[in-house]
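*Asks:* In case you want the letters, here they are:
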Amino acid sequence: MTDVTRILSAIERGDPHAAEQLLPLVYEELRRLAAQRLAQEKPGHTLQPTALVHEAYLRLVAGGQPHDWGGRGHFFAAAAEAMRRILVESARRKSTDKRGGKLRRIDVEQLSVADGGREAELLALDDALDELERHDPQAAALVKLRYFAGLSHQEAAEALGIGRQAADRLWALARAWLYQRLSEE
Amino acid sequence: MPGWDPQANELFLQAREILAPEDRQRFLDEACAGKPELRACVEGLLRAGAEAGSFLERPVEELGATGAFASGPQDQRTSVSQEGGHAVEAVLVGSL
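Quick note, the sequences are listed as chains A and B, same order.
Residue numbers for the first sequence follow this note's numbering, beginning at 1 and rising by one.
Residue numbers for the second sequence follow this note's numbering, beginning at 1001 and rising by one.
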C-alpha cells in the first residue's frame, strides 16, 4: 500500500487530518513526473497536464486500495488542485519573466504553461475560481476536476458523490458565472 | 462584476431549461416581478451561458518547460504527435 492509498483509506475512515496530507504528496508526484517526462523528451515538447494526473493515479493508487470512487474522488480532487497550483505557479513565473529583469533558471523543474498570453488567462481563471470557491466550494471542485484533472462529466459527478443531473446543473452555473466574471474584467 | 445571488442562480437554472424564448420571458416576468436587479442578474447568467461556447469544456492543455527545455518556434506548438506513450499536444484555443 502506498502512502497515498493509506491516506485515502484514512480519509474514508473520517480522519480529519488525512486530507491535508494528500495534497503535498500528490503535488510532489506530479511535479516529479512532469520533470521526468520532459527530461526524456526533445526540447520544445510539451505534456498534457491531465495525462500526468492520470499517470499519477495509476502509479499511486490503482495498484492498491481503495478502488471505489469515494477514494478515487479524493485523489482526483487533490490532483486537480495540485495541477492547478503547478500551472498557476508556472504562469506567474512566466508573467514575471515577461515583465523583464528576472534571469531564467535553466532547470527542468521550471515547468511552464504555453506562450502567447495564455498565462494571463490562466491567472484570471485562478482568481475567479478562488472567488467561486468562497461562494460554492462544490462548484469550484467540479470545475477543477473537469478542467485540471480532465475527468468526464460522469467521473466528476462520481468523484463529488453527487448525481449526474445535479452535477450538470452545478456545471452550467459554474461555467456561466465564471464566464461572466472573466468577461467583465 | 457579477455577484453571487443564490436566488438568481436557481432561477437561471430553471430558466435555461425553458427553451422557447416567449415561455422563458414569461417565466422571468413572473419570477422577477418588481425585482429588476434580480432579473438583470438572471439574464446576465443566461447570456453568459449562451455565449460561453466551449469555455472550460476541454481540459487545460500543454505543460512545457522554460530554460533549456523552452519551446522552440511558436508554430511548433501546433504539432501533434505521440511519443513515449503520452500525447504531446498543441495549444488548443477555445478552452479559455
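In short, the hints are calculated from the structure, not lab data.
Just so you know, not all the hints are guaranteed correct.
Stated by the list, open to error - Across the chosen pairs, the derived CB separations fall in these ranges:
| hint | chain 1 | residue 1 | chain 2 | residue 2 | range |
| --- | --- | --- | --- | --- | --- |
| 1 | A | Arg-134 | B | Glu-1051 | 50 to 56 angstroms |
| 2 | B | Pro-1036 | A | Gln-40 | 57 to 63 angstroms |
| 3 | A | Ser-152 | B | Ala-1050 | 39 to 45 angstroms |
| 4 | A | Glu-20 | B | Pro-1036 | 40 to 46 angstroms |
| 5 | A | Pro-16 | B | Leu-1019 | 42 to 48 angstroms |
| 6 | B | Ala-1040 | A | Arg-59 | 21 to 27 angstroms |
Only a predicted model underlies this, so the values are computations on that prediction, with no experimental measurement involved.
Just so it is clear, CB atoms sit at the ideal spot from N, CA and C, and this is done for glycine as well.
*Asks:* Take the hints in turn and mark each one as holding or not.
*Replies:* Status of each hint after checking the structure:
Checked against the given bound of 50 to 56 angstroms, the beta carbons of Arg-134(A) and Glu-1051(B), roughly 24 angstroms apart, lie outside it. The hint said 57 to 63 angstroms for the Cβ distance between Pro-1036(B) and Gln-40(A), and at roughly 59 angstroms that hint holds. A beta carbon spacing of about 23 angstroms between Ser-152(A) and Ala-1050(B) contradicts the range 39 to 45 angstroms that was offered as a hint. Between Glu-20(A) and Pro-1036(B) the beta carbons are some 45 angstroms apart, a value that agrees with the proposed interval 40 to 46 angstroms.
For Pro-16(A) and Leu-1019(B), the hinted distance range of 42 to 48 angstroms is satisfied, since their beta carbons lie about 45 angstroms from each other. At about 49 angstroms, the beta-carbon gap between Ala-1040(B) and Arg-59(A) misses the expected band of 21 to 27 angstroms.
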